[in-house]
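Enquirer: Residue numbers (full-length UniProt numbering), protein chains in the order written: chain A, 1 to 186; chain B, 1 to 301.
If you're looking for bench data, these hints aren't it; they were derived computationally from the structure.
On a predicted model such as this, the values are computed, not experimentally measured, just so you know.
Take the hints with a grain of salt, since some may be wrong.
[Stated by the list, open to error] The calculated DMTMM-like cross-link candidates involving lysine to aspartate or glutamate, where the alpha carbons are at most 20 Å apart (straight line), are: (1) A:LYS100 / B:ASP143; (2) A:LYS44 / B:GLU142; (3) B:LYS121 / B:GLU138.
Given next are the chains, with one letter for each unit.
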Amino acid sequence: MEVRSNPAADYSSGHRRPPAVQSKQPLPSPQPIDTSSVSNRLQKELMALMMSGGDLGVSAFPDGESIFTWIGTIEGGKGTMYEGLSYKLSLRFPLDYPFKPPQVKFETMCFHPNVDQFGNICLDILQDKWSSAYDCRTILLSIQSLLEEPNLESPLNSYAAALWNDKEDYRRMVHKQYFAGEALES
Amino acid sequence: MQNKEAVLEDGEIGSATATEPGFDEWDNFGDEDIMQQQSAIQAEEAKKVPFVGDKEPLCSLAAEYQSGSPILLQKIKVLDEQYAAIRRTRGDGNCFFRSFMFSYLEHILEFQDQAEIDRIKANVEKSRKALQTLGYAELTFEDFFALFLEQLESVIQGKETSISHEELVLRSRDQSVSDYVVMFFRFVTSAEIQKRTEFFEPFILGLTNTTVEQFCKSSVEPMGEESDHVHITALSDALGIPIRVVYLDRSSCDSGGVSVNHHDFMPMASDLPNASCSSVKNNPFITLLYRPGHYDILYPK
């Protein structure tokens, strides 16, 4: 739980990415797929997010050259135990987006019942309840709401779930993990 | 059937998430590997049943049940008197929408009914407005609307962009067209249900124990979610298109005689053009064959 297997790679978010990441960008698939409609939609989502996202405490931007890989940021909601903290997430859009959801994970250490030690998120709209009616903005807003309204019934982090009602200790763990992650990053 | 599925879905939420393999193994798992594997699976599926199959004589249906239930065979005999052919669709949870798509576009292509095209376009715009009013971001649905309208235009003959029946079949099998149109219908269906919440609420409560909005989010909008009478009613109402569903199941009536039930989904009267109201009422031009869990297209004699 404390340290990720390869923190250096996991936390090297931001503007410079290690060269290895380049190879993870979508490669031409064996069958010709027209990706222009997908990148068109992603461009539109980016524009919409830049116009409105900031007010809502969420933002995202392509990470490097590819429009298929983004870095998002979520501000912890006011009055919640995540207030004042800012979380980085990675979003990887598949070539058949928006028929399939992007892969989203926390890049900042996040202590939460529905987030595991690797940053994986358990949220139905990112799995079987995904539909094309969602977009990057609604995904980030849903994750922001998830922070303050966890689903305690099927936790990925059962310690966090057990601690949820003990606000004092819970907040301490949230901060401890957040700043531990930051220390690793710098 | 739908209820059973819902339970299955629910059961999967937890485990699907917990066993999600690769997030921490992104570095080891090449995109190209996953893509190749996915497209291999899809290609294999497609070989078995394309999204929309060829037109087959109705006797191909009887062949399926040769050693099966005598009631079904008797019913197929009854069907054989009224229907000439069947066109199968892939059982991927989208079969109702896919059958509807092909059947409707094929009808327009064959009859070149300009009045019908004008009428449906007006209804499509109403759906667009409904989605806007409901707060859907334009960018999430506009591509699907545009692609459907493009297909509608292309089946009108005598233009540069006109397509043949053969091309319509090919496009219906092409995922990049077919899935977009299916998703368009899902948006239209969802908008209609949410626009008339009071009307649909009792039906939805009968199926699942959720709110109307939750039902749309989890059982209408995601691809692959199967359709029930709620979806059919909503789509028929939204677009103003009557749909006949013929039921092929093991049920039999007490009187002993074998008959095949059907139900006509008639759009609300206000949506039908007055002049053609009666003729439309007599002849839904879309006929689907329902077998528990699946829809195919039927062609009347």
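Enquirer: Each hint: holds or not?
Expert: These are the hints, each one checked on the structure:
no. : hint                : result
1   : A:LYS100 / B:ASP143 : holds (16 Å)
2   : A:LYS44 / B:GLU142  : holds (11 Å)
3   : B:LYS121 / B:GLU138 : holds (18 Å)
Comparing the model with each numbered hint stated earlier shows that all of them hold.
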